Amino acid sequence: MGGGKSRAVTAPTRPTVTLPHFLKKMGEGWGGGWDRRATFWLIYLPPLFWLTAFLVLPVLVMAVFSFRPDMRGELFQAWAPTINQYASIAAVGSYWRLLGISALTALGIGISAVVLAYPLAYFLAFHAGTRIGFYLVLLLIPFWTSYLLRIMAWKILLGTEGVLNSFLIYSGWIQEPLTALLYNRSAVFLTLLYVWIPFAALPILAALQRIDPALFEAAADLGARPSHQFLRVTLPLSAPGVLAAFFMVFIPTVGEYVTPLLVGGSRGFLYGNIIQDFFTKAANWPLGSALSMIMLAATLILVVLATRLIDWRQLFE
Amino acid sequence: MNIRRSSVVLGTYYFGLILLLYLPIALLFLFSVNSDASLSFPIRQLTFEWYQRLFSADAVLRSARNSLVVALGSSLAATILGTMVAILMLRYKFRGQNLLVALAVLPLIVPYVVLGVALLLLFSLLQIDRSLWTIGVAHTVVALPYTLLIIGSRFAGFDANLEEAAMDLGADYPTTLRRVVLPLIFPAMVSAWLTAFTVSFDEFALALFLSGTQPTFPVYLFSQLRFANQLPIMIALAVLLMIGTLTLVFIAERFRRREA
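Respectively, the protein sequence lines represent chains A and B.
Residue numbers for the first sequence follow my numbering, beginning at 1 and rising by one.
Residue numbers for the second sequence follow my numbering, beginning at 318 and rising by one.
Quick caveat, the hints were computed from the structure, so don't treat them as lab data.
Be aware that one or more of the hints could be misleading.
[To be verified] Restraint ranges, calculated between C-beta atoms of paired labels, are given here:
#1 B:R496 x A:A297: 42 to 48 Å
#2 A:R225 x B:F365: 57 to 63 Å
#3 B:T364 x A:V137: 30 to 36 Å
#4 A:Q209 x B:F365: 42 to 48 Å
#5 B:G487 x A:Q209: 42 to 48 Å
#6 B:P491 x A:E74: 43 to 49 Å
#7 A:S88 x B:N415: 49 to 55 Å
#8 B:G529 x A:W79: 24 to 30 Å
#9 A:L237 x B:A545: 47 to 53 Å
[Said to hold, decoys possible] Derived, one-sided and incomplete: chain A residues facing chain B with beta-carbon distance under 8 Å:
#10 Y44
#11 P142
#12 I211
#13 L235
Only a predicted model underlies this, so the values are computations on that prediction, with no experimental measurement involved.
For glycine and all other residues, C-beta sits at the position ideal for the given N, C-alpha and C.
Build out the structure end to end from the sequences listed, making use of the hints.
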């Protein structure tokens, strides 16, 4: 974990207030009274244990397991480490293609979600007035309904015998039901986009609300037309929110496997689905572990990239 | 484009999207009162039969109870751990501080499929049978970033001099935490707890790998999606659950407001 990353990730909750004198004095190193030291250990050990046992350790186990040759024998006997899993992944082009497709899909969804969410955030920030709280809640309520059932409702709408098809046949527009609506990558794309747009609006909204209204007046006073004002003042100033929204969508989407499982069918699988497959049906855990490690590495690299590009601190203050 | 016209255009866009968002939910409502078990239009007759049958559908209710137990336990644990890390982050300075905080927010970016299979491997190694406990542990890990961020931002909002005053008046640090800090961050803790609860309650990607013989509601729902005759009952339950979570969300919002 690079210093740069940890700094940026923790930034949102860093207070701007400097530590009070007494805390500075006592908080340095292991200083402070016995009560403060005792408290430290009392609140330090549980999270340390939890994160080590259930976040660091599992990833380490997975890393070790990815060097196992096969599934034969006891699950955890000693084995001669081998890079066969990685070698076989490297040799099979379809894994890389799928990783590429997943990244491209996430890229497309991220960009589309930001573009479609921007007007939403703009409306909430500048046109919703005092009802912004209500409009915001209205936008987010659907996400407290079972995700699986919402997706299933879309399947009812778009399926071969679904609402849309039966309506189109009834009205005589088509004779045969459209089958292209479900079980392919476009269905996955649309479903995920639908899920993400309201979330993508949140960081953009936060960025728009941070803009000093005086800047708009200044732009108008200096003769900027509204379109100019938007392109030269609003858009650049909301750029951090736009980037944050993009990564908030992009990063979870790269590893997504549930939506492809539900609406993608075999033609809509993403990289996450092969990992899931190797741990369930195919039962090839070493290969699945190696694939997971690659996905984890790819994600972490992307996050480091993201923290270089965005000043998260500024967005959350 | 003048202000009024752009306002109308943007407003139309907003409400169009709202319509799209609520369309599947409206459909679910409709199907929960549809007399036909098969899910297709047109709807012939309205009925509350599914809601009645729900109360004798043991497996469905059990899965909902499992989700409730896991969500209650994991959200409580995540809130306590989040409070601890927040205090460590903002009131202490120690070596490895950044690393601990980075680890606590890391689950935000680790793909769920990766964390799920990694925990599956760990539990297999330790020969721990998959159960509600294993799901709860995973949910605690992924809810921790949320509780930490919510409670941590509350810390930034109040004056640390209050703690100094308490200690000047002779309170030791645990007493200061208990009598000054905890009451101040309590609304944030409630808000964090409710957020963690909703994170866990509908979670599927991790639970699919980590559930044993007792499925949570999403896992059970997934296993039953193929069987049409069970579906209306589960949709009825989902509608009830949505009403329940909505209530929770509004309570959380109330607490967040009070805190502000």
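Outcome of the hint check:
{"no.": "1", "hint": "B:R496 x A:A297: 42 to 48 Å", "in the structure": "holds, 47 Å"}
{"no.": "2", "hint": "A:R225 x B:F365: 57 to 63 Å", "in the structure": "holds, 58 Å"}
{"no.": "3", "hint": "B:T364 x A:V137: 30 to 36 Å", "in the structure": "holds, 31 Å"}
{"no.": "4", "hint": "A:Q209 x B:F365: 42 to 48 Å", "in the structure": "holds, 45 Å"}
{"no.": "5", "hint": "B:G487 x A:Q209: 42 to 48 Å", "in the structure": "holds, 43 Å"}
{"no.": "6", "hint": "B:P491 x A:E74: 43 to 49 Å", "in the structure": "holds, 47 Å"}
{"no.": "7", "hint": "A:S88 x B:N415: 49 to 55 Å", "in the structure": "violated, 38 Å"}
{"no.": "8", "hint": "B:G529 x A:W79: 24 to 30 Å", "in the structure": "holds, 27 Å"}
{"no.": "9", "hint": "A:L237 x B:A545: 47 to 53 Å", "in the structure": "holds, 52 Å"}
{"no.": "10", "hint": "Y44", "in the structure": "holds, 6 Å"}
{"no.": "11", "hint": "P142", "in the structure": "holds, 5 Å"}
{"no.": "12", "hint": "I211", "in the structure": "violated, 17 Å"}
{"no.": "13", "hint": "L235", "in the structure": "violated, 15 Å"}
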